[in-house]
Amino acid sequence: MRRVLPWVIGAALVAVPFVYHEPYPLHIMVIVLIWSTMYTSWSVMGRFGLVSLGHGGFMGIGAYVVALLWNYLQLTPWIGIPLAMLATAVIALLVAYPCFRFRIIGHYFALVTLALSAIVQQVIIATRDYSGGSLGYTPNRYHDGNSIYALQFTDKQTWYLIALGAWAVALLIRYRVDRSMLRYALEAIAEDEDAAAAAGVHVTAEKLKITLLSAAMTAFGGALYCQYQMFISPDTVTGFAVSLQMVFAAVVGGIYVLLGPTVGAIITIVLAEALRIFFGTAAVGWDNLIYGVLLVLFIIFLPQGLVGSLLPDRARSGKAEPPSTSPALQGPSAQSVAATDG
Amino acid sequence: MFGIDIYLLEALINGLLLGGVLALLALGLNLIFGVIDVVWICYVELIMLGMYGMYYMYVSFHMPFVFAAVICIAGVGGLGMLLHILVIAPLLGSAPINQLLATGGVLFFLQSFATVAFGIDFRNLGIRLPVLEVSGMFLSYARLLACGTALAGMVLVYLFLARTYTGTAIRAIAQDRQIMPLMGVDTRRIYLITSFVGGALAGLAACLLVLQYDIHPFIGLTFGPITFLICVLGGLGNMFGGFVAAFIFAEIISVSGLYLDLEWGYVFAFVFFIVVMFIRPRGLMARRS
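Respectively, the protein sequence lines represent chains C and B. The numbering used here applies: residue 1 is where the first sequence begins, and numbers increase by one. The numbering used here applies: residue 343 is where the second sequence begins, and numbers increase by one.
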């Protein structure tokens, strides 16, 4: 049963657009899938205690590089997206390598990567003559807006299938990472870098691998977002706010569970849309208000995230050990409470 | 003329004035980090609330500015204590990243609270302070006042930490969190006082910023990242380092803004930050451990 279930659900998800054509619910599903792809990408590294606030920057690079290449060089996104992912990986390498080499970890890593996403945002605003600045940017429409060559489609069904594919690939990558040697190396590093190094783990190389993977996946999500929405702006695809949004949605869903970030995306997006539908413009801000309270409560009372807390230990992704041994995002341990509560 | 461009000089002096305010922003955050070992990601949102408080007290209730400022400082100090009791205290023993994320949740909450309660309009007090002209240079009086008050506030905090019994206890806790409880210091009380002082500094910053900037719910995104980066650049928890870093940042922003757009000033400042982090990972003036 457990082996068959994912395939049944997968088949059901693929069948949705062939039997169901309402544009608005499909739009919500596409948005959820695209953001889930990015949240999952974040969790690929985030679950090992590598809390990056630079993913807003990676998403922005992905989105803007593809759009700029298309508009200025008429380069198809089929080439543009790999180039954007490569560019993102190079930038991630430039920032992450020295970080890992010089042991910038914890708060410091989060804040250095925060600087990266702030830089990407400010560069986009500063180059407003080319990138449209704060007003945003639109990739040129190709003929009637339906073209595989330009990766532009006007119907939601096609986009649903594309987003579903991207999300499935992201889940697959995360699944593979969870079952690889890389995972054991990174868990050892998260536990104690010196001990891991002494045990023969190449700390810098292992951390770099996961960071580049995560950054490139996020850039892919950003490019997809750009192609779907056909409009990007520095506030919606880069910066501090987007970075925090990624971290928090993943944390609310649960970063130690394969589907945690997806559940986080569903909760946050459906909450925002429901409030918008039922309360209209009066609800502006309420979604984040509830979201912020939930987040604080989750971190205090359910540090494993929603899905993580509902599942029994055994069912969580990764079979070897319960995730409570990972250093970040765990509840207060008896020992450290005793040490600080004096 | 004197071998130095008058515009450059003006930019340098404006940078100094901006630096004073940034230093004040960084001081509160550094104090909290140094003593409680927690980063309040929502620190700038407290300032935003303080600015709204100033707006309503000054514009709606017609209070005198100085009186409103005192209430604002005390009120935001109280908010700091509340934040500590509700969010930080339950998380004191958990991973640092959890604390960072929890205060990030508070950031979302406060931002949207302001959106819901006050709307997204830009507001200002409607006070226009004159612009001083000093030998061909134009200096904003509001900035001068802000910088002066910020420096005075910092001196007060310094005296409080250096000369009072409570201040000594706070510095002692910052040095060794385990030993001080054994020496008979009530850490919970010290944490509350520190949270109040940190909050009060945010309140003071609110009173000064409200003279120069329009108030809107997302103003935190303008000042937030730069404040954290200044603290990290100076070495988290190192108040003197934060002070120096604030002036370096302000000068980079101000001087680059003279030759290019203001955004490039931020870009250069952030790039400078990343490069320094690689050379001195624990900040410009790292605490010896």
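What the hints contain is simulated information worked out from the structure, not anything from laboratory work. Heads up, a few of these hints could be off.
Said to hold, decoys possible - Partial list, computed: chain C residues near chain B (C-beta under 8 Å):
1. Pro6
2. Ile9
3. Gly10
4. Ala11
5. Ala15
6. Val95
7. Tyr108
8. Gln122
9. Ile125
10. Ala126
11. Val247
What the hints assert, rightly or not - Computed list of chain B residues with no C-beta within reach of chain C, every gap over 10 Å:
12. Glu352
13. Phe407
14. Gly420
15. Leu433
16. Arg624
Every residue gets a Cβ at the ideal spot worked out from N, C-alpha and C, and that includes glycine.
Cross-check of the supplied hints:
no.: 1; hint: Pro6; result: violated (30 Å)
no.: 2; hint: Ile9; result: violated (30 Å)
no.: 3; hint: Gly10; result: violated (32 Å)
no.: 4; hint: Ala11; result: violated (36 Å)
no.: 5; hint: Ala15; result: violated (36 Å)
no.: 6; hint: Val95; result: holds (6 Å)
no.: 7; hint: Tyr108; result: holds (6 Å)
no.: 8; hint: Gln122; result: holds (5 Å)
no.: 9; hint: Ile125; result: holds (5 Å)
no.: 10; hint: Ala126; result: holds (4 Å)
no.: 11; hint: Val247; result: holds (7 Å)
no.: 12; hint: Glu352; result: holds (22 Å)
no.: 13; hint: Phe407; result: holds (29 Å)
no.: 14; hint: Gly420; result: holds (19 Å)
no.: 15; hint: Leu433; result: violated (6 Å)
no.: 16; hint: Arg624; result: violated (8 Å)
Violated hints, listed in ascending order, are 1, 2, 3, 4, 5, 15 and 16; each of the other numbered hints is respected by the structure.
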